[in-house]
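Make a model of the complete structure from these sequences and hints.
Number of protein chains: 2
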Amino acid sequence: MNDINQRHRVRMERKKAVIDQKIAAAQKDIGIIIVNTGNGKGKSSSGFGMVVRAMGHGMKVAVIQFIKGAMSTGEEKFLRRFPDEVSFHAMGEGYTWETQDRERDISKAQQAWALAKTYLSDPSIGLVLFDELNIALKYRYLDLDTVIADLLDRPDMQHVVITGRGAPDELIAIADTVTEMAVVKHAFKAGIAAQAGTEW
Amino acid sequence: MNDINQRHRVRMERKKAVIDQKIAAAQKDIGIIIVNTGNGKGKSSSGFGMVVRAMGHGMKVAVIQFIKGAMSTGEEKFLRRFPDEVSFHAMGEGYTWETQDRERDISKAQQAWALAKTYLSDPSIGLVLFDELNIALKYRYLDLDTVIADLLDRPDMQHVVITGRGAPDELIAIADTVTEMAVVKHAFKAGIAAQAGTEW
Numbered sequence: 000m001n002d003i004n005q006r007h008r009v010r011m012e013r014k015k016a017v018i019d020q021k022i023a024a025a026q027k028d029i030g031i032i033i034v035n036t037g038n039g040k041g042k043s044s045s046g047f048g049m050v051v052r053a054m055g056h057g058m059k060v061a062v063i064q065f066i067k068g069a070m071s072t073g074e075e076k077f078l079r080r081f082p083d084e085v086s087f088h089a090m091g092e093g094y095t096w097e098t099q100d101r102e103r104d105i106s107k108a109q110q111a112w113a114l115a116k117t118y119l120s121d122p123s124i125g126l127v128l129f130d131e132l133n134i135a136l137k138y139r140y141l142d143l144d145t146v147i148a149d150l151l152d153r154p155d156m157q158h159v160v161i162t163g164r165g166a167p168d169e170l171i172a173i174a175d176t177v178t179e180m181a182v183v184k185h186a187f188k189a190g191i192a193a194q195a196g197t198e199w
Numbered sequence: 000m001n002d003i004n005q006r007h008r009v010r011m012e013r014k015k016a017v018i019d020q021k022i023a024a025a026q027k028d029i030g031i032i033i034v035n036t037g038n039g040k041g042k043s044s045s046g047f048g049m050v051v052r053a054m055g056h057g058m059k060v061a062v063i064q065f066i067k068g069a070m071s072t073g074e075e076k077f078l079r080r081f082p083d084e085v086s087f088h089a090m091g092e093g094y095t096w097e098t099q100d101r102e103r104d105i106s107k108a109q110q111a112w113a114l115a116k117t118y119l120s121d122p123s124i125g126l127v128l129f130d131e132l133n134i135a136l137k138y139r140y141l142d143l144d145t146v147i148a149d150l151l152d153r154p155d156m157q158h159v160v161i162t163g164r165g166a167p168d169e170l171i172a173i174a175d176t177v178t179e180m181a182v183v184k185h186a187f188k189a190g191i192a193a194q195a196g197t198e199w
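In the order they appear, the protein sequences are chains W and Y.
Under numbering that gives the first Met the number 0, the first residue of the first sequence is numbered 0, with each subsequent residue one higher.
Under numbering that gives the first Met the number 0, the first residue of the second sequence is numbered 0, with each subsequent residue one higher.
Honestly, the hints are just simulated from the structure, not real lab data.
Keep in mind it's a predicted model, so treat the numbers as computed, not measured.
Only true hints are included.
The list cannot tell twin chains apart, which means a pair is met if one copy fits it or any two copies do.
With a straight-line cut-off of 27 Å between C-alpha atoms, the simulated DSSO-like cross-links for lysine-lysine are:
| # | residue 1 | residue 2 |
| --- | --- | --- |
| 1 | Lys-59 | Lys-76 |
| 2 | Lys-15 | Lys-107 |
| 3 | Lys-184 | Lys-137 |
| 4 | Lys-107 | Lys-76 |
| 5 | Lys-137 | Lys-116 |
| 6 | Lys-184 | Lys-21 |
| 7 | Lys-76 | Lys-116 |
| 8 | Lys-14 | Lys-137 |
| 9 | Lys-116 | Lys-184 |
| 10 | Lys-137 | Lys-15 |
| 11 | Lys-137 | Lys-107 |
| 12 | Lys-59 | Lys-116 |
| 13 | Lys-14 | Lys-107 |
| 14 | Lys-107 | Lys-59 |
| 15 | Lys-137 | Lys-21 |
| 16 | Lys-15 | Lys-184 |
| 17 | Lys-14 | Lys-184 |
So, in structure tokens, the structure goes:
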């Protein structure tokens with residue numbers, strides 16, 4: 000075995016020992032709250048990736064889109080093929096700058112949260128995705144204290160994924176895993192259109 | 000209409016004008032390269048979200064996992080239900096610190112890239128996901144120049160999603176959209192196990 004391969008083996012043996020120790024220490028099985036925020040891509044698509052991951056494990060899933068809804072998306076078309084496995088609700092009427100009507104947006108968001116609560120009370124649902132909920136919170140369409148209380152009151156083993164820019168600090172405080180998606184580069188700025196399959 | 004709602008409308012009208020202008024300027028329809036990197040969560044799951052988004056638009060998809068493979072994941076179980084729509088290949092044998100065998104990892108990665116090239120030559124494939132390719136590049140299991148040349152040589156309308164920590168600068172340079180997933184908080188550090196449906 001040559002030098003580089005031998006050094007690789009030694010380094011990886013050490014790394015494995017450290018990681019195995021961390022895994023042994025992480026023993027709690029419990030539903031977690033995952034928040035995807037930041038200005039970069041991948042917040043919603045990561046949520047949809049977790050939806051199919053959960054479906055692969057036989058979990059029932061619910062999806063509520065708080066802002067999107069006016070336009071049908073690839074993920075919606077796809078997930079509507081599995082009505083017994085996923086409850087899919089596009090409750091918004093587009094982005095807030097499209098509607099320009101705050102009272103209607105508030106009323107839509109509150110209807111969506113009333114529905115969200117029914118899933119947060121149902122232990123048969125393994126994972127819920129609240130897509131763009133952060134936007135509804137940022138614009139104060141929903142009362143943050145109520146949302147947080149309802150999230151904390153859910154079944155022990157239920158996972159929640161929340162997406163959208165500008166996650167409020169109070170939500171980050173109660174979340175288990177929080178990722179900030181940061182823009183390094185964006186095709187849109189280079190004059191490439193939002194396309195089926197990549198953006199919607 | 001009260002004050003806050005009126006101000007909201009004015010602000011959103013302005014925002015809509017700016018965004019509509021940007022959309023009008025972004026006219027190119029072309030296959031793009033998307034890179035998800037960084038130490039945070041959501042790199043692979045975002046890739047899988049894009050896979051189902053593309054499937055929702057009727058595209059054919061190919062997935063090659065360069066590192067994962069020893070353990071069946073939720074996304075694999077799920078996507079194997081659609082053999083006519085997705086070609087799924089888990090070509091790795093686990094993480095590099097599990098195998099500790101650099102020569103075998105290199106040989107596996109090179110087999111995986113040979114397969115990747117067949118999809119990068121097939122215009123009927125609308126989107127390819129090369130999961131954890133960045134790891135294979137970082138450990139120099141694959142020649143970066145070859146990989147970049149093959150990526151650039153693909154069909155015009157084909158999208159490519161590449162995930163993994165430590166994306167090389169040369170790859171970022173040729174990519175259209177690059178997101179850095181940054182850790183804000185991670186459940187694992189709080190002693191919560193890697194669980195079905197959220198981590199695998």
